[in-house]
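For the sequence shown, our numbering begins at 1 and goes up steadily by one.
Hints in this document: simulated from the structure, not taken from any laboratory. Only a predicted model underlies this, so the values are computations on that prediction, with no experimental measurement involved. Any given hint might turn out to be false.
[Unchecked claim] Okay, the calculated beta carbon distance ranges per label pair: (1) F492 x S78: 30 to 38 angstroms; (2) E245 x S210: 20 to 28 angstroms; (3) G142 x R91: 34 to 42 angstroms.
C-beta: ideal position from N, C-alpha, C; glycine also.
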Amino acid sequence: MGCLWAAALARAGTETRLLLRPGAAKLTMCHSGKALLRVQGCQDLETMSVAVPIEEVSGSGVSGADVGELVVVTKAYSAMRALETLAPRLRRDAVIVVLCNGALALHEQIVKTACLDNTQLILGITTHGAWSRGPFEVVHAGRGQTRFGTLGAVQPELYKSTLKRLETAGLGAVDEGPNIERSLWLKLAANAAINPLTALEEKPNGFILSCAHARKHVSQICREVSALADTLLRSRGSALQLSAEDLEDFVLQTVRETAENRSSMMQDVQAGRPTEIDFLNGWVSSKSQEMGMEAEVNTRTTSMIQAKEDGFDVEDFKAQIHKEGCKKLHIVDVYTAWCGPCLSIVPTFKNLQLNVDAFEDRCTITQADRNVLPEFEERFPETSKPRFLFYKGGEEVMQIEGLKAPEILKFIEENLPAIETEAQPAASAAANSASAHLTKKIQKALTLRIDSQQSRDALKCLSGFFSENTVHTRRNLRSSIEGENLFLHKEFVNAFGALESQLEGLDRLVDRLDGAVQRATNQLKASRSETQASLEKAAALRKESVSIELKQQVLDKFLTRFRLSEADTQVVRSGDRPLDDDFFTAFERLEQVRANARHMLSTSGQQTSGVDILHETSEVLEASYERMFVWESTSEVPE
Numbered sequence: 001m002g003c004l005w006a007a008a009l010a011r012a013g014t015e016t017r018l019l020l021r022p023g024a025a026k027l028t029m030c031h032s033g034k035a036l037l038r039v040q041g042c043q044d045l046e047t048m049s050v051a052v053p054i055e056e057v058s059g060s061g062v063s064g065a066d067v068g069e070l071v072v073v074t075k076a077y078s079a080m081r082a083l084e085t086l087a088p089r090l091r092r093d094a095v096i097v098v099l100c101n102g103a104l105a106l107h108e109q110i111v112k113t114a115c116l117d118n119t120q121l122i123l124g125i126t127t128h129g130a131w132s133r134g135p136f137e138v139v140h141a142g143r144g145q146t147r148f149g150t151l152g153a154v155q156p157e158l159y160k161s162t163l164k165r166l167e168t169a170g171l172g173a174v175d176e177g178p179n180i181e182r183s184l185w186l187k188l189a190a191n192a193a194i195n196p197l198t199a200l201e202e203k204p205n206g207f208i209l210s211c212a213h214a215r216k217h218v219s220q221i222c223r224e225v226s227a228l229a230d231t232l233l234r235s236r237g238s239a240l241q242l243s244a245e246d247l248e249d250f251v252l253q254t255v256r257e258t259a260e261n262r263s264s265m266m267q268d269v270q271a272g273r274p275t276e277i278d279f280l281n282g283w284v285s286s287k288s289q290e291m292g293m294e295a296e297v298n299t300r301t302t303s304m305i306q307a308k309e310d311g312f313d314v315e316d317f318k319a320q321i322h323k324e325g326c327k328k329l330h331i332v333d334v335y336t337a338w339c340g341p342c343l344s345i346v347p348t349f350k351n352l353q354l355n356v357d358a359f360e361d362r363c364t365i366t367q368a369d370r371n372v373l374p375e376f377e378e379r380f381p382e383t384s385k386p387r388f389l390f391y392k393g394g395e396e397v398m399q400i401e402g403l404k405a406p407e408i409l410k411f412i413e414e415n416l417p418a419i420e421t422e423a424q425p426a427a428s429a430a431a432n433s434a435s436a437h438l439t440k441k442i443q444k445a446l447t448l449r450i451d452s453q454q455s456r457d458a459l460k461c462l463s464g465f466f467s468e469n470t471v472h473t474r475r476n477l478r479s480s481i482e483g484e485n486l487f488l489h490k491e492f493v494n495a496f497g498a499l500e501s502q503l504e505g506l507d508r509l510v511d512r513l514d515g516a517v518q519r520a521t522n523q524l525k526a527s528r529s530e531t532q533a534s535l536e537k538a539a540a541l542r543k544e545s546v547s548i549e550l551k552q553q554v555l556d557k558f559l560t561r562f563r564l565s566e567a568d569t570q571v572v573r574s575g576d577r578p579l580d581d582d583f584f585t586a587f588e589r590l591e592q593v594r595a596n597a598r599h600m601l602s603t604s605g606q607q608t609s610g611v612d613i614l615h616e617t618s619e620v621l622e623a624s625y626e627r628m629f630v631w632e633s634t635s636e637v638p639e
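Working from the sequences, and respecting the hints, build out all of it.
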């Protein structure tokens, strides 16, 4: 779908760049940073070849030109990683157009992502049919429409300009504005109902119309989706209403229109790729729990697909999940691969299985690893005890903890369905039963993909188990393989002991390292406290130094105005010096000091200081007068 939109936009003259995951460009012949996109149109649809610039986005995503408008056409589970990688390159108020399944779940994640706060978000739903023939080669199989809208506030100018560019692509862009929400819920219901069913059954969409249990499953899914939609819409004050009947009608209409299609989830499962289940049924389940509601069917469906993704054979559990009626008593042995008690009961379990096989087609026993099915892992958190679950009529009726063979056999005998004898002779019934079993085995064998590497590896491993192909060997093949599997797990546990000891030693080393780091941290904290005290003391001393310096300046000024210097005092009092200019200059300073003291006495009220100054200088003044008197007396008077 991404290549289809890129080719259509580029052909319409819109500057377009195809952003790829690292290594994707190696899948095609590129020239000058461009890839040739080939779109083959079926029936009356246009065929085109367009060269489009491509760019591989690195893990950091920080290099490259800024992005103003981004159309996200990836799997739902890849969308957030792609957006977060490209976030540093998004312009402020960049427009993001999401064209993925699970758009409601993605919208919820995007609006909560801080690095995408300033973006303008547009959601889209397309009904165009397109599939990939090869790298950058697309078959446009069916014409449809692509509806766009938004669930939150966007800048009108940016929204209109982006929609105008999308309309030029010629792929039937329709502006639904806020009404897109109804289409998104309908799309979610269709994906949640159709995709998992077709993936579990590995059949085209149309099988749902002819299967009563599948129809019932669709109804249950739609009821839970409708309940969630009603709760969320009412919490926001929306007047939109979506009844379960409306959703179911839309789903069944979609099935009729796409009866021959193979859903994307089925293709993902068959190809061993991750599915989008977490953004469809998984989101309905988790969001319902968040709102205080139950979504049992969506929860179980999510677990089934996750188990299918992990490669677990879920065929024995379909009856339970779909709650279909059955004529057998089903026993499920829930074990843990590395559980010691589970390993120790293998011989007893084999004997129990032989006893169960004696009941022919009225009772089956299946083993299930609790670590493969999440619903069992959550239900039975304790891994050291095997458990046996009993299902009758599609419902769980009994649970036995531990391998209590007599108790299990007694329960089986008491709850076995009756043997049918009314409609036809026993021989005919047995023949029909054998024929039905043979037909089922043939159909299953025909649907196996023996050309896969996994199947070839399994057959190669199986060929070394037995030397003879006998009835006994075939009858005990499954239990023997499971026993071998448990034995290998036991060997693995034993071999893991040495590693466990090393890990424990490493754990102790880490604890000692943690203690040393903690001591160093405490010392650093103590040093920081001491340093802080020293800094505070130094700051106080600096402040005190400034104060003393200021006082010193004031004292210097005071002494200059109110004290005669030592040199002037010597000039005035010394009898050996003549009465020259230095004497009279010093005498003038003495008079100025005494005048300042008298002024201080008359204005500031500092009586003690002024009197002290006058008293101190009076002796110097008297000495100076005495010298001037002597000088005057001894001087010759001119005639």
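We went through each hint and held it up to the structure:
Hint check: F492 to S78, Cβ distance near 34 angstroms, so the stated range 30 to 38 angstroms holds. Between E245 and S210 the C-beta distance comes to about 21 angstroms, which sits within the given range of 20 to 28 angstroms. For the pair G142 and R91, the supplied restraint of 34 to 42 angstroms holds, since their beta-carbon distance comes to about 35 angstroms.
In this structure, none of the earlier numbered hints is contradicted; all agree with it.
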